Amino acid sequence: MSASDSRELRIVGFLCNWCSYGGADTAGVARFSQPTDLRIIRVPCSGRIDPLFIVRALINGADGVLVSGCHPRDCHYAEGNFYARRRLETLKQFLSATGIDPRRFEYTWVSASEGQRWQHVVTEFTRRIHELGPAPTMSHVSDGAWFDAAAPAAAGQGCPCHG
Amino acid sequence: MSKVAYYPGCSGQSTSLEYDRSTRAVCAAVGLELVDVPDWSCCGSSPAHTVNHVLSAALSARNLDLAHSLGVDVLATPCPSCLTNLRNAAVEMEDEGFRGQVNALLDRPYVGRVDPQSVLQVLVEQVGVDEVARRVTRPLTGLRVACYYGCIMNRPPERMRFDDHENPMAMDRLMEAAGAEVALFPLKVECCGASFGVPRGDIVARLSGKLLDAARGLGVDAIVTACPLCQMNLDLRQGQINAALHEHFRIPVFYYTQLLGLALDVPRSELGLDRLCVDPRLALGKIKAPAPVR
Amino acid sequence: MRIGVFICHCGSNIAGTVDVVAVAQAAAKFPEVAYATDTMYACSEPGQEAIVQAVKEHQLDGVVVASCTPRMHEPTFRRTVERAGINRYFFEMANIREHVSWIGKNAERNTVKAIELVRMAVEKLRRNRPLIPKRFDVVKRVLVIGGGVAGIQAALDCADGGQEVVLVEREQSIGGKMAKLDKTFPTIDCSSCVLGPKMVDVGQHPKITLHTLAEIESVSGYVGNFQVTIRKKARFVDWSKCTGCGLCMEKCPSRKAPDPFNEGLCTAPSINIPFPQAIPKKAAINPDTCIMKQKGKCGLCAKICPVKCIDFDQQDELVTVDVGAIVVATGYDLFDWHKYPQYGQGRYPDVITSLQYERLLSASGPTGGHIKRPSDGKEPKTVVFIQCVGSRDRSVDRPYCSGFCCMYTAKQAILTKDHIPDSQSYVFYMDIRSPGKGYDEFTRRAMEEYGAQYVRGRVSMIYPKGDQLVVRGADTLAGTQVEVAADLVVLAVGAEAARGAVTLGEKLRVVPDQYGFFVESHPKLKPVETNTAGVFLAGACQGPKDIPASVGQGSAAAAKVLALLSKDQLESDPQVSRVTPARCVGCGKCVQTCPFGAIKLVEDRFGNPKAEVVETVCQGCGICTVTCPQGAIQLEHFTDNQILAEVNALCPPRIRVNYAS
Amino acid sequence: MRIVDLATADQDFIAEVEARSHQNLRTCYQCGNCTAGCPYTFVYDHSVSQVMRLIQLGQREVVLQCKSIWLCASCQSCTTRCPNRIDVAKVMDVCRHMAREQGYATEREVKLFTDAFLRSVERHGRAFELGLMADYVLHSGRVFTDVDLAPKALARRKLAFRPHAIVGRDQIERIFQRFRKGGAHV
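Protein chains in written order, with my numbering: chain G, 1 to 163; chain W, 1 to 294; chain U, 1 to 661; chain Y, 1 to 186.
Errors might be hidden in some of the hints.
Claimed, not checked - Derived BS3-like pairs: lysine-lysine, alpha-carbon spacing no greater than 25 Å straight-line:
#1 Lys372(U) - Lys177(U)
#2 Lys308(U) - Lys293(U)
#3 Lys198(U) - Lys232(U)
#4 Lys251(U) - Lys241(U)
#5 Lys210(W) - Lys67(Y)
#6 Lys152(Y) - Lys210(W)
#7 Lys465(U) - Lys210(W)
#8 Lys437(U) - Lys198(U)
#9 Lys293(U) - Lys281(U)
The set of hints was computed from the structure by calculation and includes no laboratory data. These numbers come from a predicted model, not from an experiment.
Take these sequences, add in the hints, and give me the full structure.
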């Protein structure tokens with residue numbers, strides 16, 4: 001099923017200002033058509049993304065969350081994306097424990113010049129989310145339990161920056 | 001001792017019987033065990049793939065399956081044309097859709113998971129040039145040769161994944177190991193006219209003539225080949241080429257296994273030197289310490 | 001709060017696939033929105049004026065503009081709201097062009113998406129705070145990295161503008177690629193005659209400090225206050241004494257190493273001055289080939305030197321400078337043509353690069369300006385030029401056009417005829433790209449006046465025959481294969497990013513594109529700026545460029561630097577982290593994670609450790625905000641509450657089952 | 001000279017060649033490198049790069065009736081050196097397949113030799129040179145083909161007088177039978 005001819009799903013993107021937001025701009029300037037499901041929240045750096053933002057989006061009913069930052073070593077703030085990588089990787093591992101399909105969350109690296117790559121990332125991720133379908137209502141899990149389960153990731157447990 | 005499946009190819013039964021025999025002898029001499037693919041059939045050669053890729057792959061698939069049943073990883077063939085067909089089939093059948101079409105032509109679905117390689121590749125990569133050099137007892141000192149690989153042994157590189165595709169060196173290195181002097185042949189991978197010998201002899205005359213001319217310009221005693229079709233075009237058809245181009249080429253064209261066999265002191269009866277059309281005796285006379293005739 | 005929302009048509013760019021009127025109507029119903037309208041061009045003069053008027057008319061204290069990317073016009077609109085009397089951080093932008101109208105064709109979906117993006121912006125704006133920038137002093141000095149023609153121009157313009165300049169060059173002399181060229185197109189000016197005086201000016205300018213044989217070790221700081229460490233490599237010669245007399249070069253017994261200045265066409269002594277016009281004209285020892293450095297004996301140069309300036313024990317030296325701005329002018333390198341095995345991979349000595357050919361043409365080159373082919377020194381009568389070697393070729397990952405090869409090949413064909421009147425040149429080309437002033441006329445002259453035979457097609461292979469090289473190509477205009485026996489083959493090798501560019505980019509926080517060329521801030525409007533404030537680009541480090549374009553960019557970068565350094569103080573971006581001392585437990589995790597050392601631990605009046613942000617040092621990345629276990633440190637303008645408000649705007653919270661438990 | 005009406009480009013033809021060869025033909029920018037390296041250009045009626053261009057222009061009849069597609073030996077020079085990584089030899093192969101299917105045989109001898117070869121394989125499981133030569137001579141009527149080589153070849157025992165029939169030759173026969181029945185298109 002193509003993403004464009006079915007009902008739109010709710011996909012939230014967190015993009016760093018310098019690379020991936022620029023990459024999305026580049027894709028737009030080049031008129032690289034993309035599925036329209038994604039809504040982008042701009043943050044200065046992928047290192048600014050608190051795993052709790054992602055968990056919050058998913059609890060609130062987002063069908064997918066996509067994070068994108070600068071390629072490793074290319075971070076505008078030198079090392080923000082390294083912190084992001086560790087946090088997001090930890091989050092990924094914890095997600096399944098909460099009952100959320102970890103495939104609903106993905107992170108990737110796209111530079112400001114990579115418009116085509118951005119188009120590809122959005123298209124593929126949207127396709128994946130449409131294959132998974134709308135996120136199930138999580139009424140059987142308590143909201144608080146979710147946060148409890150996600151807390152280690154959010155607090156960056158197993159992440160060196162949190163000691 | 002390394003063990004590989006062996007696919008001689010149709011020409012090894014007739015026009016290039018000496019290539020098959022000398023290949024077997026050389027491999028035995030360097031400790032490479034060849035296990036014949038039982039009841040192998042024709043790979044389809046160029047005619048099959050020029051008609052249809054599924055048909056071509058089906059003809060190869062049967063052989064890949066038979067080789068697979070021997071429990072080896074590598075299927076070695078001396079013939080680059082067979083190699084191309086077998087390799088293309090093996091790679092393309094990784095695609096499920098294509099494999100389905102091929103299976104529709106076969107009695108049993110394809111299972112073969114062997115890697116088709118040229119005997120030359122196996123010799124260089126599994127035995128090693130140094131090991132071959134170590135076993136040389138009668139070096140070809142004094143013999144100056146040009147190595148000609150033919151067009152499809154190494155091309156396209158992504159598919160063949162062996163040696164440099166513009167300047168392959170495997171045969172050059174083996175000939176050096178055998179003690180011969182190797183002239184850098186700039187037309188190593190130029191096509192000789194391939195299988196147009198029968199229907200369009202004029203094409204072969206022009207293309208193979210160009211190769212002979214380049215070899216003559218290098219002042220070599222002989223050309224060394226690894227392809228039955230190339231050898232046939234350059235050797236058997238050398239007279240036709242001379243007639244068509246008003247030339248007087250007289251360059252013997254060896255299989256590399258024949259010269260390697262001489263250097264490894266393989267019995268001459270296994271090398272079939274008498275089956276070459278252009279008399280090789282003058283060239284062999286250049287070898288400083290000629291191998292004794294057995 | 002009273003928020004005004006302005007939905008831009010951007011002509012038909014947005015209005016073509018977004019119902020802007022519907023978006024404005026929807027926005028009018030959002031909380032705290034007092035006014036919503038659509039506007040033709042929000043960024044135009046009347047568009048901005050309408051915003052100012054609306055602010056006054058409707059007593060607005062916050063503005064949302066839904067138009068293009070904030071990376072383009074956020075500063076524009078911030079100034080607009082400031083003109084209207086609002087703090088400039090009470091402004092938010094919704095990107096409904098690049099992220100909506102230009103990528104989706106379905107008007108209905110686009111409109112819904114635009115509404116949601118506006119909703120997000122409104123929710124964020126409701127939680128904004130007024131921010132006031134701090135001021136800090138600017139270091140009035142500029143660093144120029146790279147001493148090619150672009151860097152030279154930037155350095156001279158900055159110095160002439162009254163600023164102190166530190167010029168760092170990796171090679172022993174400045175001059176770059178241009179110093180190696182014989183003549184320049186389309187005027188056939190002598191390259192060293194044009195460049196030489198500029199090099200001398202650099203050497204003599206009282207405002208310019210030159211470091212050659214030097215590289216950037218590290219960079220820290222921010223616009224107006226960079227700290228740069230420069231590694232001056234050991235040259236084993238005391239340059240304060242060396243007079244450049246060249247006696248050492250004559251006597252050096254080690255002269256087998258290929259001469260890099262002459263592109264390996266000849267050899268150079270181990271102690272060497274690269275070329276007669278070198279600036280600085282000082283000798284340096286190559287430790288890899290020097291017999292004394294390798295074997296511990298020789299020292300002939302030390303004995304012969306009249307001023308005793310040889311110092312075999314010299315070590316690398318680190319120099320630190322403070323600068324307010326940086327110009328990157330690191331140029332390009334030549335494509336390694338050995339990636340084309342069909343051109344011989346170096347097996348044929350008479351297949352050379354275009355830059356090697358420049359050295360053969362140059363009067364100061366290894367053949368004294370006589371074209372002699374490398375194999376046997378014979379004068380070639382048939383010269384074949386092959387264009388696009390490493391350009392416009394996906395198979396070697398160089399799909400871009402190098403831009404200047406068509407022109408220099410035409411020049412070389414002309415010069416060949418000048419040098420050898422009975423010669424014939426052949427040029428294999430795919431397309432002739434000569435869009436500069438006087439350029440196309442120049443390539444026509446090569447064909448019409450100088451008789452160069454242009455052949456439209458690529459060359460498939462080169463092979464030797466006798467003492468010639470057979471070049472086999474195509475003439476696609478004639479529709480067939482062509483062959484020509486050449487005495488010399490010149491490969492018009494393309495340009496690629498300078499080696500080391502990526503590493504340097506990491507230090508400067510300037511991003512390279514996928515081929516290693518540095519990315520400018522905006523391809524149209526900010527061609528010499530980068531995304532790192534205070535770092536500018538000039539010349540071919542941004543992409544292949546010819547000399548006039550490089551010089552133009554050198555001057556452009558200098559103009560940007562001069563404008564920046566004309567201010568005594570700069571405003572720091574107030575979008576920085578802020579600590580709520582009451583929540584801070586002084587764990588110091590933020591101090592450890594801050595990449596800029598912008599956070600320090602101080603004691604409050606009770607002796608408790610508390611984090612404190614140095615506002616002018618903080619770059620506003622927000623890594624600390626995520627790190628803080630207490631939520632005590634928040635990045636202004638991107639606080640947790642603001643981002644969560646955006647999340648909630650997109651995904652409204654569901655009924656909370658058992659939340660209390 | 002033939003005038004090409006650009007508006008009547010056969011889009012189905014372009015699509016079919018692309019689908020069967022798995023190549024993006026639009027990436028060809030006519031640099032001519034395929035023609036430059038092709039050893040067979042001298043016998044072609046349209047050079048390889050022209051064939052590529054004619055496909056881009058949707059000129060089905062011109063391409064399928066040209067001699068070049070029959071004279072390509074699949075030597076891989078074009079494929080190996082294409083700057084746009086197009087498998088040109090495969091495109092040539094596919095054009096020949098399509099020409100065959102549509103009953104063209106512009107180079108009759110080449111087609112007859114191919115047919116004779118495959119008949120030999122179908123019959124014996126392996127190629128039987130003497131038999132296929134006889135077959136080819138019979139079908140082509142070129143009775144003197146290579147008769148000059150016979151003494152040399154026979155003296156050196158290069159030609160077997162009997163086919164090397166294999167046990168599983170009925171399996172090969174069935175491959176051909178199924179192929180003809182299905183008329184597989186790839």
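Exercise. Under the criterion that the straight-line Cα-Cα distance not exceed 25 Å, is the pair Lys465(U), Lys210(W) satisfied?
Worked result: With a Cα-Cα distance of about 11 Å, the restraint between Lys465(U) and Lys210(W) holds, given a limit of 25 Å.
Problem set entry | Straight-line alpha-carbon gap Lys372(U) to Lys177(U), limit 25 Å | holds, 22 Å
Exercise. Quick one, are Lys437(U) and Lys198(U) close enough, alpha carbons at most 25 Å?
Worked result: Distance ~23 Å between Lys437(U) and Lys198(U) Cα, so the pair holds.
Problem set entry | Restraint check for Lys251(U) with Lys241(U), where alpha carbons must lie at most 25 Å apart | holds, 19 Å
Exercise. Given the proposed pairing of Lys308(U) with Lys293(U), does the C-alpha separation stay at or below 25 Å?
Worked result: holds, 17 Å
Problem set entry | Lys198(U) paired with Lys232(U) [C-alpha distance capped at 25 Å] | holds, 23 Å
Exercise. If you draw a straight line from the CA of Lys293(U) to the CA of Lys281(U), is it 25 Å or shorter?
Worked result: Holds, at roughly 22 Å.
Problem set entry | 25 Å limit on alpha-carbon distance, applied to hinted pair Lys152(Y) and Lys210(W) | holds, 23 Å
Problem set entry | Pair hint Lys210(W) and Lys67(Y), alpha-carbon separation not exceeding 25 Å | With Cα atoms ~23 Å apart, Lys210(W) and Lys67(Y) stay inside 25 Å; holds.
Checked against the numbered hints above, the structure violates none of them.
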